[in-house]
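Enquirer: What follows is the residue order along each chain.
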Amino acid sequence: MSPTTGRSPLVHAVNVSKTFGDNQVLKGIDLDVYPGEVVVLLGPSGSGKTTFLRCINQLETINGGRIWVDGDLMGYEDKDGVLYRLHDKKIAEQRRDIGMCFQRFNLFPHKTALENVMEGPVQVKKMAKADAEKRAMELLAQVGLADKPAAYPAQLSGGQQQRVAIARALAMDPKLMLFDEPTSALDPELVGEVLKVMRDLAAKGMTMIVVTHEMGFAREVADRVVFMDGGVVVEQGPPAEVIGNPQHNRTKAFLRRMRQEEEQHAKVVSEVVEASAAALADAPE
Amino acid sequence: MSISTEDRPGVIDARPVRHPGRWVAVAVILVIVAMMASSALTNPRWNWGKAFEIMQQTPIIRGLLMGTIVGTIGAMIVGFSLGVLMAVMRLSDNPVLRGVAFVYVWFFRSIPRYVLLATMGSLGYLYPVLDIGVPFGKAMGLTVAQIDVNALSNSLVFGILGLGLSEAAYMAEIARAGIQSVDKGQTEAAQSIGMSPGQTMRRIILPQAMRVIVPPTGNETQAMVKDTSLLLAMGGTAATNELFYQAQAIGTRTLLIMPAYVAAVAWYLIVCSVLMVIQARLERYYGRGFGTASQNNATRAKLLGLAGGGPR
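Keeping their order, the protein sequence lines are chains Y and B. The opening position of the first sequence corresponds to residue 117 in the working numbering, with each subsequent residue numbered one higher. The opening position of the second sequence corresponds to residue 6 in the working numbering, with each subsequent residue numbered one higher.
Please note: incorrect hints may appear among the correct ones.
[To be verified] In the DSBU-like style, the derived pairs of lysine-lysine whose C-alpha atoms are separated by at most 35 angstroms in a straight line are:
1. Y/LYS242 with B/LYS189
2. Y/LYS291 with Y/LYS206
3. Y/LYS250 with B/LYS189
4. Y/LYS291 with Y/LYS312
5. B/LYS189 with Y/LYS264
6. Y/LYS264 with Y/LYS143
7. B/LYS55 with Y/LYS320
8. Y/LYS291 with B/LYS231
If you're looking for bench data, these hints aren't it; they were derived computationally from the structure.
Full structure from sequences and hints, please.
Expert: In structure tokens:
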């Protein structure tokens, strides 16, 4: 069932460490992600999972260890054992093949949905505008927003914005997609539409690393779940094992807390639904 | 338990709060305005007719077009472009660029414009001729072109350059505030699709920074309209192409000093009023894509029946 056998990893991270001031956030992370694999990073807040994700495409500079993506050492050039920091332009080139979606979407607010998706291909890949527009329309259709090319981000709901952001990342034809809590900033009723797009993407064989608290998504879509706490990988494996039968106390405690939150959350949602149904019934019309 | 319809309070028809102080203020202001108007009409020395005539004289119109309007536009173009460049340099990772920008802003912000223009007007004394070519290559005949600084140093072009250089120091700070106001997530999003630092700045950051940059730039432009009157410090054609210099000249020549001054004041008022309208339009343009989110959310909530009647 694991697609790992006999292939070289797309992401090869060895002993990655990262310090912010006196605070060591990552304490030697080893992680391999194979082509076509969907890896979900789980862990309490402050465990370093978002930081690790951002290190993969160099939004953060690591202090120790190495990260290779598709054979390229990220951020540095290794000449006979001496590391040379790459120029910003070279790092920008390395990022082209890695798509990223952010918790707060970060769409360009002064550009329409279509222009957001076209920006990368036209500016970075120097693709002809007409070709880029055609491709962007296909991608907007793929994320279910074929009717919104002219909308500015402020005119879209959170879920729609995040789907445009996914289309924007896909427009660069990435080999790897990074998702940093893509549904955490969304209203509960909008989470499903974003997860559906991500599910479709996984089904198409995209390699994905996803930081999320959506346990349902992790159970159904992930090939592997990696549980992080305190800047280290505590345990990892198929979701049925890690979520269904955790071995470590820290994982158990985290999953118990998540379950309580989920129940609490479900209760609040059902209360809201009932209350608004009642409000609608009370309304004069 | 329930109250009958007649007992329940109906439409509110309350008496408004009285503001007697406002009426007193209006009365006082009216009296003062009436006194001013009467004196303006009865004091023959105001001489409105002559002032209106002077407004239309050729040297005044030339001063308005060249010194005030061309001067303002030119100085603001120089100031804006150089200022944005300085702001980008100031925020750069490159310590050399940061240092240059810092020194530039420090130097030009420290010199009064009047003093700067007067000094620049005399540069021809230090450098009568400027050679363009290879550094230290004059003896070997490596000079490509020569500029006659003496002739140029008190021309309008030089004056515009001086005002622009000074303005750039202020624009640099305004642009820096604008650039820093753009969310850091925008840079990260641009980086994540592989844009270089330069592309990120040009395509993503600066267009959004404009929303913050435009209003204070409008103020700076208004100030520049007035500061073109300092061109007279430079002497030469910089001064003779300037509105107030010409007004003074006409005033002293014809002994109609006050009407000449009034003519200048009227033109400055007109130019600044036009600028206010242009600024309002620009602000609307650069505000596109902003400020509609909350309105949209409110509408959507209403459509879903969640507003008002829904749970809090």
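Enquirer: Name the hints, by number, that the structure is in violation of.
Expert: 6, 7, 8
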